[in-house]
Amino acid sequence: MKRWKRRLALPVSLVAIALGFLISLAMQTQKNVSAAEEINARRMAAAHAVLSNVQSQNAQLKKTNKELTAQLDQDRRLGGTDPKVLAQLAQVEIQAGTSKVQGPGVQIFIDDRKQDHKLTLPLSPDNLLEIINTLKFAGAEAISVNGQRIVDSTAIVYSGSSTILVNQVPITRLEGIPYEIDAIGNQNTLVDFFTNLEGSMLKANGITFSVMRKTVEVPAYKGAWTFHYAQPD
Amino acid sequence: MVWFKEKRYLIAVAALMVGFLFIMLLKAHGLAGNPSAQEGTLPSLIQTEQENQQLAADNDKLRQELDKYAQGESASALAKQQLRDAEMDAGLVAVHGPGVRITLDDAKARGTQSSPENYVIHEAYIRMLVNILWNGGAEAIAVNGQRIMSTTEVFCSGAYIQIGGTRQVPPYVIEAIGDAHNLQSVLQFAYTWDRLGDFQQQYGITRKIEAVKDLHLPAGSLTEFRYTVPVKEGS
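Respectively, the protein sequence lines represent chains A and B.
Numbered according to my numbering, the first sequence spans residues 1 to 233.
Numbered according to my numbering, the second sequence spans residues 1001 to 1235.
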């Protein structure tokens, strides 16, 4: 009995010291973590407060926008405007992208989130430009990416290293599939051109996608053009 | 050996403590490495705020127009003015103004070397440069006399590049109206522009830019919409 006790005394006490040290360390960490948790929660609450404020503003603005548009429509009708001019205006507004439109087309979902055991390259602004260009080539009449209408002056660029801006607006989605592209046009041509011309590029990057034929709505461009330099002839 | 049997509980206690510590550390690490919940709030905040700005601007525009009606201006004159504005926005009006002219051309020598693709101008370059110019504040752009509109494609069809349904061959001339200084400097920061400069030195392609006092860009023609109809917002 005495023989092994002496032999083990040193290692056992060393282990005990190490354990004691670890316990106190863990307790300290635990304390820091609870503090961090609290700060985090407070920050989250603040951010959420700001966000919900902005969101209620957004709802209000949308409501006003609807009312004003309806009012304007009524005024125009009562004012006895030439229906030919109004019909022409409707077509030009589709071309400019300033009216909300609908029609048969395709809804494309693109998922570039990391899949299990697969190397995935995130979708870049250049990829998006190429996809949109292919859809235009396929005769798309109106296109939107994550709710941003593609107009003549639409630029698609990175802000920082991963956020993509379309029409100067970040299109990052918090949950669900990261990219939704809606395009109105001939469904067969759109599906055919997108799948054949862009499908392989996406697959090669490990990106998954789906294409659905359906009647889609494409929102209006919310920005405005300013012409300081360009003058009509 | 006898000891082991007697003090087995000591080992059990030690093992339990180590396990406990391990779990605590894991928990702490997990918490520290998981701030993503908050990260998500920021982009959606910016997004909503941007949308609010756009909506506010749109509402102002609508109010101004309603004011004009209220002041008794002729409805048909207003509609005509609105049509003219919309045509300007859509690129259906020929315009002139100061800006830049970019000329891109294939190299004289064809690459017999390992990389023949570096001797020619690809449609992707044109697309990217147009994108950069819009981002730099261009107000109107045309490529080889084809006005760039919302539906204009710049697509490679083998021997030629299809722009707005027309066949175009090099040299490719991109004309953009806007602040010439801004447009030139936004290109300086663009990777594509940089790379074309490298290709010019190595392979002899042409990449030229000049500021022009008075560019004349033609009007685009209205697409015949066969599938798209407007959605009435008010109803």
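A couple of the hints might just be wrong.
Keeping only pairs whose Cα atoms sit at most 27 Å apart, straight-line, the calculated DSSO-like set for lysine-lysine is [as the list claims (entries may be wrong)]:
1. A:K203 <-> A:K118
2. A:K66 <-> A:K214
3. A:K62 <-> B:K1208
4. B:K1108 <-> B:K1208
5. A:K100 <-> A:K63
6. B:K1208 <-> A:K63
7. B:K1080 <-> A:K84
8. A:K100 <-> A:K214
9. B:K1080 <-> A:K100
10. A:K100 <-> B:K1232
11. A:K118 <-> A:K66
12. A:K31 <-> B:K1213
13. B:K1061 <-> A:K63
14. A:K66 <-> B:K1232
15. B:K1208 <-> A:K100
16. A:K62 <-> B:K1027
17. B:K1068 <-> B:K1232
18. A:K114 <-> A:K203
Non-contacting residues of chain A with respect to chain B, defined by C-beta distances greater than 12 Å in every case (computed) [to be verified]:
19. L10
20. Q107
21. S200
In silico contact screen, one side only, chain A against chain B (beta carbon under 10 Å); selected entries [to be verified]:
22. L22
23. L86
24. A96
25. A140
26. I156
27. G176
Please keep in mind that the hints were generated in silico from the structure rather than gathered at the bench.
All C-beta atoms, glycine included, are put in the ideal place defined by N, C-alpha and C.
Each hint, compared with the structure:
1. A:K203 <-> A:K118: Judged against 27 Å, a Cα distance of about 11 Å means the pair holds.
2. A:K66 <-> A:K214: Answer holds: K66 of chain A to K214 of chain A is near 26 Å, not above 27 Å.
3. A:K62 <-> B:K1208: violated (46 Å)
4. B:K1108 <-> B:K1208: Measuring from Cα to Cα gives roughly 15 Å; hence the hint holds.
5. A:K100 <-> A:K63: The hint holds at about 15 Å.
6. B:K1208 <-> A:K63: violated (50 Å)
7. B:K1080 <-> A:K84: holds (10 Å)
8. A:K100 <-> A:K214: holds (17 Å)
9. B:K1080 <-> A:K100: Judged against 27 Å, a Cα distance of about 21 Å means the pair holds.
10. A:K100 <-> B:K1232: Holds, because 8 Å separates the two Cα atoms, which is no more than 27 Å.
11. A:K118 <-> A:K66: violated (46 Å)
12. A:K31 <-> B:K1213: violated (68 Å)
13. B:K1061 <-> A:K63: Within the cut-off at roughly 15 Å; holds.
14. A:K66 <-> B:K1232: holds (10 Å)
15. B:K1208 <-> A:K100: Given pair K1208 of chain B, K100 of chain A is violated - Cα atoms ~40 Å apart, limit 27 Å.
16. A:K62 <-> B:K1027: The hint is violated at about 44 Å.
17. B:K1068 <-> B:K1232: holds (22 Å)
18. A:K114 <-> A:K203: Cα-Cα ~13 Å, so holds.
19. L10: holds (15 Å)
20. Q107: holds (14 Å)
21. S200: holds (15 Å)
22. L22: For L22 of chain A, the interface hint holds, since the closest Cβ of chain B sits about 5 Å away, which is under 10 Å.
23. L86: At about 6 Å, which falls below the 10 Å cut-off, the nearest Cβ of chain B leaves the hint on L86 of chain A intact, so it holds.
24. A96: Holds, because the Cβ-Cβ distance from A96 of chain A to chain B comes to roughly 4 Å (cut-off 10 Å).
25. A140: holds (7 Å)
26. I156: holds (6 Å)
27. G176: violated (12 Å)
Checked against the numbered hints above, the structure breaks hints 3, 6, 11, 12, 15, 16 and 27 and satisfies the rest.
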